[in-house]
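Novice: What follows is each chain in one-letter form.
There are 2 protein chains.
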Amino acid sequence: MTHLHELTATEIVQAIHGGRTTAVAVAEACLLHIESRDADVQAWEYLDPGLVLEQARALDRAGGKGALQGVPVGLKDIIDTADMPTALGTPIHAGRRPTIDAACTALTRRAGGIIMGKTVTTEFANRFPGKSRNPHDVTRTPGGSSSGSGAAVGASMVPLAVGTQTTASTIRPASFCGCVGYVPSRGDIRTFGVMEAAASFDTVGLIARSVEDINLFRNVLIGTPPAALPEVAINEARIGFARTGFWNECDEDTKAFLEGFAKTLAADGAAVSDVAMPVALDEVQEAHRWVSSFEFVRNRTFEIDHHWERISSALRGGRIQDGMDCSFELYGESRETLRRCAALLDDVFKDYDVLLTPAVAGEAPVGLTSTGNASFSTLWTALNIPAVTLPLHRGPNGMPVGLQFVSRRYADRMLLGIARAVSRKHG
Amino acid sequence: MTHLHELTATEIVQAIHGGRTTAVAVAEACLLHIESRDADVQAWEYLDPGLVLEQARALDRAGGKGALQGVPVGLKDIIDTADMPTALGTPIHAGRRPTIDAACTALTRRAGGIIMGKTVTTEFANRFPGKSRNPHDVTRTPGGSSSGSGAAVGASMVPLAVGTQTTASTIRPASFCGCVGYVPSRGDIRTFGVMEAAASFDTVGLIARSVEDINLFRNVLIGTPPAALPEVAINEARIGFARTGFWNECDEDTKAFLEGFAKTLAADGAAVSDVAMPVALDEVQEAHRWVSSFEFVRNRTFEIDHHWERISSALRGGRIQDGMDCSFELYGESRETLRRCAALLDDVFKDYDVLLTPAVAGEAPVGLTSTGNASFSTLWTALNIPAVTLPLHRGPNGMPVGLQFVSRRYADRMLLGIARAVSRKHG
Chain D
1 MTHLHELTAT EIVQAIHGGR TTAVAVAEAC LLHIESRDAD VQAWEYLDPG
51 LVLEQARALD RAGGKGALQG VPVGLKDIID TADMPTALGT PIHAGRRPTI
101 DAACTALTRR AGGIIMGKTV TTEFANRFPG KSRNPHDVTR TPGGSSSGSG
151 AAVGASMVPL AVGTQTTAST IRPASFCGCV GYVPSRGDIR TFGVMEAAAS
201 FDTVGLIARS VEDINLFRNV LIGTPPAALP EVAINEARIG FARTGFWNEC
251 DEDTKAFLEG FAKTLAADGA AVSDVAMPVA LDEVQEAHRW VSSFEFVRNR
301 TFEIDHHWER ISSALRGGRI QDGMDCSFEL YGESRETLRR CAALLDDVFK
351 DYDVLLTPAV AGEAPVGLTS TGNASFSTLW TALNIPAVTL PLHRGPNGMP
401 VGLQFVSRRY ADRMLLGIAR AVSRKHG
Chain U
1 MTHLHELTAT EIVQAIHGGR TTAVAVAEAC LLHIESRDAD VQAWEYLDPG
51 LVLEQARALD RAGGKGALQG VPVGLKDIID TADMPTALGT PIHAGRRPTI
101 DAACTALTRR AGGIIMGKTV TTEFANRFPG KSRNPHDVTR TPGGSSSGSG
151 AAVGASMVPL AVGTQTTAST IRPASFCGCV GYVPSRGDIR TFGVMEAAAS
201 FDTVGLIARS VEDINLFRNV LIGTPPAALP EVAINEARIG FARTGFWNEC
251 DEDTKAFLEG FAKTLAADGA AVSDVAMPVA LDEVQEAHRW VSSFEFVRNR
301 TFEIDHHWER ISSALRGGRI QDGMDCSFEL YGESRETLRR CAALLDDVFK
351 DYDVLLTPAV AGEAPVGLTS TGNASFSTLW TALNIPAVTL PLHRGPNGMP
401 VGLQFVSRRY ADRMLLGIAR AVSRKHG
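Chains D and U, in that order, give the protein sequences. For the first sequence, UniProt numbering gives the first residue as 1, with consecutive numbering after it. For the second sequence, UniProt numbering gives the first residue as 1, with consecutive numbering after it.
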């Protein structure tokens, strides 16, 4: 028998709509499971069981038929909540109390979702780690910056969590924690009430344990009625295998898995071929670095000027130094590079529906001082296209390793349709 | 003798750097002038003279050489301030206290600017008017949504104010109030801490009494060192006269002024010709309507669900209804329309450095129940290009009427260079 906390969001909603369980029962099961695991995993920055049960009781009393009726949801702690603190991963803002729900918070509540609590993030959603650990091996990082969101879903504490991605901050923790992670086309989901890191790239990302759940949650956060994904047959898909310039940073095991999976998809009948990525796309990594740093450092002016000593030296010497070093001219040139590269990538997608590409270098690294290699998402995030990671592999130590599919901008439903078809067959 | 409150920001900085006046003297002069005028004009949502003088005294003690040293600045009340409330133009959020300065607030302070207070805005920076009146005739609107920012600068209460523009919210109040108004290329100035209305268009806008001041403030808010504008000769400028599809909404007086001004520029030696705007650009207005409404309504989910009865019926029946009526498909098609139209407009700029175009239909209308016709900025805002309005005309009732120059995206310095040359010759 599956425990309530192990159900997907889709299963919870069906069970509640069908009268077979209640929001309170689900919330209690998740709270109990969190109690048993969170001393080790430390996914939560803020969690008030009383507030959770209050929401659940109100939902049961109202008896609504929301698209997320009674589904517990974790929110990265850079997403504002009117009834919980939002501390942005820094002691500077410990206890900060917004008075307005972020758009994604409020849309989750409107659909009947329960805001379970706030999940741990790195400092200002950048690199300096929070306290969370990987639920599959607590000596390892869960990835970042949506560290607690990945860990909480990976540990079956909640079926859904919201993260964000400015570089690799959703795809990486989802991959490391054995989850499905999804980054929409930038702009599809509103960022009101989500801390701006670098607006040229900031995207609300979703973490779940199934592609169906991603689709369910996506519709809620876009603010549209529920809609099933298109049925996509693997054998009609045109799939490009994009090793990218970072291929040699992948573990041998990850390389072998991806090479093998490309062959598997071909055996499924998909048209799979190696992609010759335009060499100019190699410039994207550097352009992303300058644009994101330029924007980030100006967005943090208040903390730099008033709380410099409470910013980590890693952030001061990293992103902040980069942002201070970047002139407006370099920022402008870098934006122009990205504009040109986006057009080149559009051309690549004339021949492919999706690209198969690494999500991470391999298993989550041992140690909690780094959130791992972020290179495998930068290209796609920088060019604002959608991405999904599927937990279809285990590495040599039994840790989850995700693969990644990406598609052209705004082709999210097709991308998720293919991801679902692949999950059904190989998940 | 010019009174201190009538100085431009550039003049104030020079006087303070040169030891000829102090931040306290300037602040006191502005406060005194505000006291004499604001009962009529009502530009300020929040103004605490004690807090203003405290900032001024600290600046004088420190004796810095900031780019805005001692310059009083008004901030539209959707821009967060850590030491003042930010109420977003709605009683729902009266007394709301952010704990972090917006990027533009903090950058202003870093440069030695004094945050004078918060200026009145319309409800959620949309259409429903706040209490402000036009300083040139208090029976007339100052325009909106940066109503108080336009009124405060137009009344010489402060030399600089920050507004925002999602449709026409900086150019229109600047024009109605006799100010220079500037909307940068979208993305150049960070929006962290500025209420998101519709991120596809939201732009921080500046209001001042000279183009030099706009340039000074622009560099501060971009976060770059001071830099003089390029010297641009009018007789080397290629100027397109773009009446646009809204020409017939202009007053006869405004039409005559613009027709005459195009001839004046030609007489100055500029290459001036009528622009044949691509007919497809007529679709922009409708696309902007859907995109901005789709985004706005989702960003206001919290207030719609928890404070519906405190939202004006104008907003409920207008922007909110539009946003609820707009499907994700229509939103997507409208974004695609804008993408196509931006490319068409790029082509127009192959032949022109700037376009001369109406800023407003004419003088600010009598009455305070509407902020006036917003049509003349929508095209440019929707396509994310920079715009500047110059107060070079008075209408039949002696009220200011601005003209507008726009240029290609990211050509802001050239645009401001031309605007300065035109101001010097005809201002």
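Calculated from the structure, these hints are not laboratory results. Hints should not be assumed to be uniformly reliable.
If several chains are the same, the list does not tell them apart, and a pair holds so long as it fits within one copy or across any two.
As the list claims (entries may be wrong) - With a Cα cut of at most 20 Å, we get these calculated EDC-like pairs of lysine to aspartate or glutamate:
| # | residue 1 | residue 2 |
| --- | --- | --- |
| 1 | 131 | 249 |
| 2 | 65 | 212 |
| 3 | 350 | 336 |
| 4 | 425 | 212 |
| 5 | 65 | 274 |
Values in this document were obtained by computation on a predicted structure and should not be read as measured data.
Novice: All hints are to be evaluated individually against the structure, with a verdict given for each.
Specialist: Hints, verified against the model:
1. Within a single copy, residue 131 and residue 249 get their C-alpha atoms no closer than 26 Å, and across copies no closer than 60 Å, so neither meets the 20 Å cut-off.
2. In this homomeric assembly, residue 65 and residue 212 come within 20 Å of each other (Cα to Cα) only inside a single copy, at 18 Å, whereas the closest approach across copies is 58 Å.
3. Taking the closest pair of Cα atoms, residue 350 and residue 336 come within 20 Å of each other only across two copies (17 Å); inside a single copy the shortest separation is 22 Å, beyond that limit.
4. Only within a single protomer do residue 425 and residue 212 lie at most 20 Å apart by alpha-carbon distance; the minimum there is 14 Å, versus 64 Å between protomers.
5. For a Cα distance limit of 20 Å, the shortest separation of residue 65 from residue 274 qualifies neither inside one copy, at 46 Å, nor across copies, at 58 Å.
In this structure, the earlier hints numbered 1 and 5 are contradicted, and the remaining ones agree with it.
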